[in-house]
Amino acid sequence: MLSYPQPLQQVIEELERLPGIGPKTAQRLALFLLSRPPQMAEDLSRALTNLHAGVQACAECFNYAAGRLCPICLDPARTRQVLCVVETASDLMALERAGEYRGVYHVLGGALSPVAGRGPEDLRIAELLARVAGEGVQEVILATSPTVEGDATAEYVRRRLREEHPELRVSRIALGLPVGADLDYADQVTLARALRGRTPMSD
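Sequential numbering of the sequence shown, starting at 34, is according to our numbering.
Hints listed in this document are in silico derivations from the structure and should not be mistaken for laboratory results.
Quick caveat: nothing in here was measured; it's all calculated off a predicted structure.
Just so you know, even glycine gets a beta-carbon here, dropped at the ideal spot from N, CA and C.
Just so you know, not all the hints are guaranteed correct.
What the hints assert, rightly or not - Across the chosen pairs, the derived CB separations fall in these ranges:
id, residue 1, residue 2, range
1, A149, E172, 24 to 32 angstroms
2, G152, E47, 31 to 39 angstroms
3, Y37, R113, 47 to 55 angstroms
4, A90, R113, 39 to 47 angstroms
5, E160, Q42, 41 to 49 angstroms
6, E160, P104, 27 to 35 angstroms
7, G100, G169, 23 to 31 angstroms
8, S68, E46, 15 to 23 angstroms
9, L201, R111, 47 to 55 angstroms
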């Protein structure tokens, strides 16, 4: 059985913990780093060490930010009257790549999932309601993933918004996305069409 020196094996095992990285890919990456000058591994190590220290949640929308607010919330050209609700910052970035949307966002931090033990109190729904009440929002676009959990989350958020703001327009992105897919894996054209084709959510 092939056995690597312990330091190399440790790197392989750590890389395998990353999503989408299997044993063979982890071995290739570790061997590649070993074959390069030590400076490359040192630069990577430094960047990873600084990751959590240098990136935080935006105080407004909970996107990734280097300071108190993310670039989107700091952009004066963005319309504050339209707010797009997403599950994760990765979903936000996918919608941004589509280049169709010029409003602001709100990152819930996941989707409702009884199996995972994640209820409404575990998401940033209270913060969303506070933003809608205090920022003059006229439309909320629910852009959760087209999964069972994403649909349940969208329906729950819609009900909460309707209870507190019956005059608010609440819409859902068009279901041109594959059922069960994450927004992060959708192409830009599909996401742009989904935003343009959003439909009002009725009671």
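We went through each hint and held it up to the structure:
For the pair A149 and E172, the supplied restraint of 24 to 32 angstroms holds, since their beta-carbon distance comes to about 30 angstroms. Under the hint 31 to 39 angstroms, the C-beta atoms of G152 and E47, about 32 angstroms apart, fit the expected range. Between Y37 and R113 the beta carbon distance is about 54 angstroms. The supplied range of 47 to 55 angstroms therefore holds. About 19 angstroms separates the C-beta atoms of A90 and R113, a value inconsistent with the hinted range of 39 to 47 angstroms.
Remark: the range hint 41 to 49 angstroms for E160 to Q42 is upheld by a beta-carbon distance near 43 angstroms. Checking the proposed 27 to 35 angstroms range against E160 and P104 shows it is violated: the Cβ atoms sit about 20 angstroms from each other. One distance hint, 23 to 31 angstroms for the beta-carbon pair G100 and G169, holds here, with the actual separation near 24 angstroms. Checking the proposed 15 to 23 angstroms range against S68 and E46 shows it holds: the Cβ atoms sit about 19 angstroms from each other.
In this structure the supplied range 47 to 55 angstroms is violated for L201 paired with R111, their Cβ-Cβ distance being about 19 angstroms.
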